[in-house]
Amino acid sequence: MRTFLSPSDLGDLQTAFREAQDIKANRFRYDTLGRNKTALLIFFNNSLRTRLSTQKAAMNLGMNVIVLDVNQGAWKLETERGVVMDGDKSEHLLEAIPVMGSYCDVIGVRSFARFENREDDYTEQILRQFIQYSGRPVFSMESATVHPLQAFADFITIEEHKRTARPKVVLTWAPHPKALPQAVPNSFAEWMVAAGYDLTIAHPEGYELSEQFTQGARITHNQDEALEGADFVYAKNWSAYATLNYGKVLSKDMSWTISSEKMALTNDAAFMHCLPVRRNMIVTDEVIESPRSLVIPEAANREISATVVLKRMLEAL
Amino acid sequence: MRTFLSPSDLGDLQTAFREAQDIKANRFRYDTLGRNKTALLIFFNNSLRTRLSTQKAAMNLGMNVIVLDVNQGAWKLETERGVVMDGDKSEHLLEAIPVMGSYCDVIGVRSFARFENREDDYTEQILRQFIQYSGRPVFSMESATVHPLQAFADFITIEEHKRTARPKVVLTWAPHPKALPQAVPNSFAEWMVAAGYDLTIAHPEGYELSEQFTQGARITHNQDEALEGADFVYAKNWSAYATLNYGKVLSKDMSWTISSEKMALTNDAAFMHCLPVRRNMIVTDEVIESPRSLVIPEAANREISATVVLKRMLEAL
Amino acid sequence: MRTFLSPSDLGDLQTAFREAQDIKANRFRYDTLGRNKTALLIFFNNSLRTRLSTQKAAMNLGMNVIVLDVNQGAWKLETERGVVMDGDKSEHLLEAIPVMGSYCDVIGVRSFARFENREDDYTEQILRQFIQYSGRPVFSMESATVHPLQAFADFITIEEHKRTARPKVVLTWAPHPKALPQAVPNSFAEWMVAAGYDLTIAHPEGYELSEQFTQGARITHNQDEALEGADFVYAKNWSAYATLNYGKVLSKDMSWTISSEKMALTNDAAFMHCLPVRRNMIVTDEVIESPRSLVIPEAANREISATVVLKRMLEAL
Numbered sequence: 001m002r003t004f005l006s007p008s009d010l011g012d013l014q015t016a017f018r019e020a021q022d023i024k025a026n027r028f029r030y031d032t033l034g035r036n037k038t039a040l041l042i043f044f045n046n047s048l049r050t051r052l053s054t055q056k057a058a059m060n061l062g063m064n065v066i067v068l069d070v071n072q073g074a075w076k077l078e079t080e081r082g083v084v085m086d087g088d089k090s091e092h093l094l095e096a097i098p099v100m101g102s103y104c105d106v107i108g109v110r111s112f113a114r115f116e117n118r119e120d121d122y123t124e125q126i127l128r129q130f131i132q133y134s135g136r137p138v139f140s141m142e143s144a145t146v147h148p149l150q151a152f153a154d155f156i157t158i159e160e161h162k163r164t165a166r167p168k169v170v171l172t173w174a175p176h177p178k179a180l181p182q183a184v185p186n187s188f189a190e191w192m193v194a195a196g197y198d199l200t201i202a203h204p205e206g207y208e209l210s211e212q213f214t215q216g217a218r219i220t221h222n223q224d225e226a227l228e229g230a231d232f233v234y235a236k237n238w239s240a241y242a243t244l245n246y247g248k249v250l251s252k253d254m255s256w257t258i259s260s261e262k263m264a265l266t267n268d269a270a271f272m273h274c275l276p277v278r279r280n281m282i283v284t285d286e287v288i289e290s291p292r293s294l295v296i297p298e299a300a301n302r303e304i305s306a307t308v309v310l311k312r313m314l315e316a317l
Numbered sequence: 001m002r003t004f005l006s007p008s009d010l011g012d013l014q015t016a017f018r019e020a021q022d023i024k025a026n027r028f029r030y031d032t033l034g035r036n037k038t039a040l041l042i043f044f045n046n047s048l049r050t051r052l053s054t055q056k057a058a059m060n061l062g063m064n065v066i067v068l069d070v071n072q073g074a075w076k077l078e079t080e081r082g083v084v085m086d087g088d089k090s091e092h093l094l095e096a097i098p099v100m101g102s103y104c105d106v107i108g109v110r111s112f113a114r115f116e117n118r119e120d121d122y123t124e125q126i127l128r129q130f131i132q133y134s135g136r137p138v139f140s141m142e143s144a145t146v147h148p149l150q151a152f153a154d155f156i157t158i159e160e161h162k163r164t165a166r167p168k169v170v171l172t173w174a175p176h177p178k179a180l181p182q183a184v185p186n187s188f189a190e191w192m193v194a195a196g197y198d199l200t201i202a203h204p205e206g207y208e209l210s211e212q213f214t215q216g217a218r219i220t221h222n223q224d225e226a227l228e229g230a231d232f233v234y235a236k237n238w239s240a241y242a243t244l245n246y247g248k249v250l251s252k253d254m255s256w257t258i259s260s261e262k263m264a265l266t267n268d269a270a271f272m273h274c275l276p277v278r279r280n281m282i283v284t285d286e287v288i289e290s291p292r293s294l295v296i297p298e299a300a301n302r303e304i305s306a307t308v309v310l311k312r313m314l315e316a317l
Numbered sequence: 001m002r003t004f005l006s007p008s009d010l011g012d013l014q015t016a017f018r019e020a021q022d023i024k025a026n027r028f029r030y031d032t033l034g035r036n037k038t039a040l041l042i043f044f045n046n047s048l049r050t051r052l053s054t055q056k057a058a059m060n061l062g063m064n065v066i067v068l069d070v071n072q073g074a075w076k077l078e079t080e081r082g083v084v085m086d087g088d089k090s091e092h093l094l095e096a097i098p099v100m101g102s103y104c105d106v107i108g109v110r111s112f113a114r115f116e117n118r119e120d121d122y123t124e125q126i127l128r129q130f131i132q133y134s135g136r137p138v139f140s141m142e143s144a145t146v147h148p149l150q151a152f153a154d155f156i157t158i159e160e161h162k163r164t165a166r167p168k169v170v171l172t173w174a175p176h177p178k179a180l181p182q183a184v185p186n187s188f189a190e191w192m193v194a195a196g197y198d199l200t201i202a203h204p205e206g207y208e209l210s211e212q213f214t215q216g217a218r219i220t221h222n223q224d225e226a227l228e229g230a231d232f233v234y235a236k237n238w239s240a241y242a243t244l245n246y247g248k249v250l251s252k253d254m255s256w257t258i259s260s261e262k263m264a265l266t267n268d269a270a271f272m273h274c275l276p277v278r279r280n281m282i283v284t285d286e287v288i289e290s291p292r293s294l295v296i297p298e299a300a301n302r303e304i305s306a307t308v309v310l311k312r313m314l315e316a317l
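From first to last, the protein sequence lines stand for chains W, L and V.
Under the working numbering, the first residue of the first sequence is numbered 1, with each subsequent residue one higher.
Under the working numbering, the first residue of the second sequence is numbered 1, with each subsequent residue one higher.
Under the working numbering, the first residue of the third sequence is numbered 1, with each subsequent residue one higher.
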């Protein structure tokens with residue numbers, strides 16, 4: 001595996017799930033596979049789960065790990081071509097990327113949507129340059145449009161907890177104080193459809209996601225209707241994708257917060273969220289602390305999804 | 001061992017001292033004990049010695065280590081329950097702690113007193129949540145009220161250098177430009193009494209420490225009298241503990257600085273300080289550079305105290 | 001090897017080059033040499049290549065690595081003696097250095113010129129204190145006046161690409177928006193002469209480097225003349241060294257930028273730069289992206305130069 005952005009990079013998802021279970025049963029089973037191999041984890045943005053779980057995954061495989069926080073203790077990077085570099089950016093990505101590639105075997109990149117230009121974000125400008133110029137396998141640790149390590153962990157979690165072969169999964173928008181990227185809902189939608197689940201996406205008007213990711217899902221503006229009969233409720237905020245409003249907050253409607261009353265509409269659904277979560281904005285204390293909340297096992301599966309991905313990349317070196 | 005906050009967590013201190021000497025003679029004696037075990041070191045505050053010595057200790061035992069600086073590159077954490085999280089804090093400790101616990105085997109936490117509320121500090125609100133929710137053994141890397149890795153290293157240092165079975169140890173307040181927590185003097189007092197030493201605490205009026213930690217010590221406001229016959233002088237600044245003045249600087253009296261004249265009052269005492277130390281505020285250049293200064297071997301013993309603590313935690317997993 | 005600042009620390013450079021080639025052929029050949037040895041890498045300043053390549057080098061040798069960013073998450077350090085430390089600096093280097101030395105086996109230090117006092121910079125005040133007080137082998141990861149890991153990598157790169165026994169090497173000043181240290185040109189000049197190459201240094205008037213480093217080189221203010229017949233062109237900006245203008249930017253003359261027209265004057269020279277590089281200030285996009293640009297292999301050789309240096313230090317422990 002040379003890149004990891006979408007479910008198709010993994011091939012058959014049931015095979016990947018069995019591999020995940022195999023690793024979960026003994027996460028050190030392949031602890032010599034990564035001997036003298038180095039994972040470089042590059043963060044352009046903040047991270048808790050991804051930072052820790054991906055380090056842990058690499059160490060599970062016996063790899064060396066280098067963590068680089070680009071905005072702390074490194075040089076600011078220019079990303080545009082042809083610029084006279086007389087400002088505060090000391091280095092160009094076109095040099096930095098092959099240099100970073102020369103010191104490692106596998107690269108993970110966290111680089112959020114910048115909301116300056118939808119075209120730049122949706123062509124994954126930064127991540128694509130790493131893929132093109134690093135000479136190494138590259139995986140997204142949440143890039144401008146996707147968060148596949150999260151969606152893979154979500155898929156593993158649903159497989160572990162589902163009570164029917166084809167559960168009804170609801171992805172619902174929920175309010176949040178700040179503008180957030182669409183990466184998590186994009187990948188979640190893409191992976192749920194790829195997994196063959198019955199996916200419904202609920203959001204207020206104006207919050208339509210890119211059809212590139214939501215193909216195969218039912219879309220509604222009525223949250224209550226969507227929740228009916230749901231087996232899994234995945235709450236998440238995102239900002240607008242539509243051209244004129246790209247990256248804008250159009251609503252903070254607190255009637256979309258997932259509460260016990262909302263969960264009562266479901267088929268005793270499990271509650272999911274990728275974390276970090278704003279309590280009492282996205283979801284009430286009561287729901288997130290309930291026995292049907294899967295947020296912690298879901299986060300714990302991030303170690304598993306990352307271990308599978310790194311293992312696949314090591315095997316293909 | 002599931003927690004490490006106080007001397008009682010270690011059991012018999014002489015046994016712990018012998019274990020420390022055994023490790024000091026060969027610090028890699030147990031270098032397979034930590035194979036495929038991960039220490040997560042979480043810093044809410046700055047650190048030099050603790051950061052380096054605890055990493056070194058974990059590596060001595062063959063562990064993997066992940067360092068997390070919460071305020072650099074991670075999310076700001078909410079610590080209050082029931083809050084509508086619409087501000088700058090993206091994640092609640094109630095999610096963050098079990099998630100962090102899921103990626104490691106042992107957790108160290110540095111979380112200083114905040115001086116906002118004495119009750120919160122003295123119930124060790126942050127550390128207790130890690131103990132309660134992480135599912136992992138937790139040790140303090142200086143928390144609101146204690147710094148047991150330091151006090152254990154101080155105890156090892158005194159055992160190594162004492163010239164009588166029961167030395168006279170003096171803990172003396174000294175001036176400092178800023179308000180400092182009571183964690184170091186609290187733990188030092190607690191450990192010195194637990195070790196059976198003859199402990200005197202000297203400080204200006206108003207600087208009384210919590211009796212929870214000073215029980216068994218003699219307390220005086222006369223530094224010169226305290227120093228008479230001392231075998232070890234441990235200088236340290238702390239802010240007021242008393243209810244109305246909690247966390248306040250009541251004095252910067254430079255007559256409390258430890259100088260050669262002060263040391264001349266002692267029984268050729270050794271000088272100790274936990275570091276970092278403000279030279280010519282806490283202690284003169286002359287004293288800290290003298291042959292009787294133990295500040296460097298004392299700091300070096302931080303690697304030893306941390307190795308013993310991590311070893312005990314690994315053995316109990 | 002106890003210190004690494006200059007080519008003489010390595011002894012015979014051809015022997016060092018063969019060692020570098022041996023390691024490049026199998027960079028894990030000595031991966032048990034560093035078992036249970038710890039490299040402490042201390043950064044007072046930003047770093048990308050040095051940070052990554054030196055970590056990688058230490059891991060190639062099986063060492064443990066601790067990275068310390070002094071200005072992030074540690075204490076600010078006082079460097080002057082005799083000061084009453086009542087300001088924002090919590091700790092003195094005189095304590096911090098031996099403490100850091102006690103937790104590791106080898107120390108790398110990045111500490112740029114501060115441009116406050118030429119005497120302080122040119123006596124390598126910070127690095128010398130590490131050498132004197134740490135009790136450990138110390139190597140420069142770019143200090144006030146030298147960047148020997150870079151110059152050693154440059155030497156390796158030229159040996160690998162030279163087409164004559166004694167190539168003509170041109171070090172040329174080029175414009176930059178900010179004041180930069182002289183460490184890279186100092187070391188480059190020193191190493192090129194030590195390697196026995198034919199070295200010409202070109203710069204505008206007022207940019208003379210310290211003769212301590214340029215002895216044996218031809219110096220000119222005419223860049224075009226210098227470039228004639230060059231086999232290697234090494235572009236770099238630096239600020240003034242002369243007493244009255246120390247650390248000042250005297251020129252931003254864009255006619256010194258290395259362009260295709262400039263390269264046409266040479267003997268089909270290879271282009272080199274230590275990176276990070278300001279594109280279209282130091283060098284045009286066209287030249288740095290040309291097939292004769294060696295900037296990426298040169299940076300990749302940083303892993304090799306650091307591996308040789310750490311190997312030599314481990315062998316001498």
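Among these hints, one or two may not hold up.
[Stated by the list, open to error] Here are the computed lysine-lysine pairs in the DSSO-like style, where the Cα-Cα straight-line distance is at most 27 Å:
id: 1; chain 1: V; residue 1: 76; chain 2: W; residue 2: 37
id: 2; chain 1: V; residue 1: 252; chain 2: V; residue 2: 162
id: 3; chain 1: L; residue 1: 24; chain 2: V; residue 2: 248
id: 4; chain 1: W; residue 1: 24; chain 2: L; residue 2: 248
id: 5; chain 1: V; residue 1: 89; chain 2: L; residue 2: 76
id: 6; chain 1: V; residue 1: 178; chain 2: V; residue 2: 252
id: 7; chain 1: V; residue 1: 76; chain 2: L; residue 2: 76
id: 8; chain 1: V; residue 1: 236; chain 2: W; residue 2: 311
id: 9; chain 1: W; residue 1: 178; chain 2: L; residue 2: 76
id: 10; chain 1: L; residue 1: 178; chain 2: V; residue 2: 37
id: 11; chain 1: W; residue 1: 76; chain 2: V; residue 2: 236
id: 12; chain 1: W; residue 1: 89; chain 2: V; residue 2: 37
id: 13; chain 1: V; residue 1: 178; chain 2: L; residue 2: 248
id: 14; chain 1: V; residue 1: 76; chain 2: L; residue 2: 236
id: 15; chain 1: V; residue 1: 252; chain 2: W; residue 2: 76
id: 16; chain 1: L; residue 1: 252; chain 2: V; residue 2: 178
id: 17; chain 1: W; residue 1: 76; chain 2: V; residue 2: 178
id: 18; chain 1: V; residue 1: 89; chain 2: L; residue 2: 37
id: 19; chain 1: V; residue 1: 162; chain 2: W; residue 2: 89
id: 20; chain 1: V; residue 1: 24; chain 2: W; residue 2: 89
id: 21; chain 1: W; residue 1: 252; chain 2: L; residue 2: 76
id: 22; chain 1: W; residue 1: 248; chain 2: L; residue 2: 76
id: 23; chain 1: V; residue 1: 24; chain 2: W; residue 2: 37
id: 24; chain 1: L; residue 1: 236; chain 2: W; residue 2: 311
id: 25; chain 1: V; residue 1: 76; chain 2: L; residue 2: 252
id: 26; chain 1: V; residue 1: 76; chain 2: L; residue 2: 178
id: 27; chain 1: L; residue 1: 178; chain 2: W; residue 2: 236
id: 28; chain 1: L; residue 1: 89; chain 2: W; residue 2: 248
id: 29; chain 1: W; residue 1: 76; chain 2: V; residue 2: 248
id: 30; chain 1: W; residue 1: 252; chain 2: W; residue 2: 162
id: 31; chain 1: W; residue 1: 89; chain 2: V; residue 2: 178
id: 32; chain 1: W; residue 1: 37; chain 2: V; residue 2: 37
id: 33; chain 1: V; residue 1: 37; chain 2: W; residue 2: 76
[Claimed, not checked] For the chain L half of the interface with chain W, some residues (derived, Cβ under 10 Å), not all of them:
id: 34; residue: 67
id: 35; residue: 86
id: 36; residue: 102
No lab work stands behind these hints, which were simulated from the structure alone.
Glycine residues also receive a C-beta, built at the ideal position from the N, C-alpha and C atoms.
Pair hint outcome, residue 76(W) versus residue 248(V) [Cα-Cα no greater than 27 Å]: holds, 23 Å
Given pair status - residue 37(W), residue 76(V), alpha carbons within 27 Å: With a Cα-Cα distance of about 35 Å, the restraint between residue 76(V) and residue 37(W) is violated, given a limit of 27 Å.
Distance restraint between residue 252(L) and residue 178(V), which requires alpha-carbon spacing of 27 Å or less: Since the Cα atoms of residue 252(L) and residue 178(V) sit roughly 43 Å apart, the hinted pair is violated (cutoff 27 Å).
Satisfaction of hint between residue 236(V) and residue 76(W), Cα-Cα up to 27 Å: Roughly 19 Å separates the two Cα atoms, so the pair holds.
Given hint residue 236(W) paired with residue 178(L) - CA-CA distance at most 27 Å: Violated. Residue 178(L) to residue 236(W) sits at ~43 Å, over the 27 Å cutoff.
Pair hint outcome, residue 178(V) versus residue 252(V) [Cα-Cα no greater than 27 Å]: holds, 9 Å
Proposed proximity, residue 248(W) with residue 89(L) (alpha carbon, max 27 Å): The hint holds at about 20 Å.
Supplied contact hint for residue 102(L), tested at 10 Å Cβ to chain W: holds, 4 Å
Hinted pair residue 24(W) and residue 248(L), Cα distance within 27 Å: Violated: residue 24(W) and residue 248(L) sit about 51 Å apart, past 27 Å.
Hint consistency between residue 248(W) and residue 76(L) [alpha-carbon to alpha-carbon, up to 27 Å]: Given that 27 Å is the threshold and the Cα spacing comes to 23 Å, the pair holds.
Given pair status - residue 76(L), residue 89(V), alpha carbons within 27 Å: holds, 25 Å
Straight-line alpha-carbon gap residue 252(W) to residue 162(W), limit 27 Å: Roughly 31 Å between the alpha carbons, so the hint for residue 252(W) and residue 162(W) is violated.
When each numbered hint is compared with the structure, violations occur for hints 1, 2, 3, 4, 8, 10, 12, 13, 16, 18, 19, 20, 24, 27, 30, 33.
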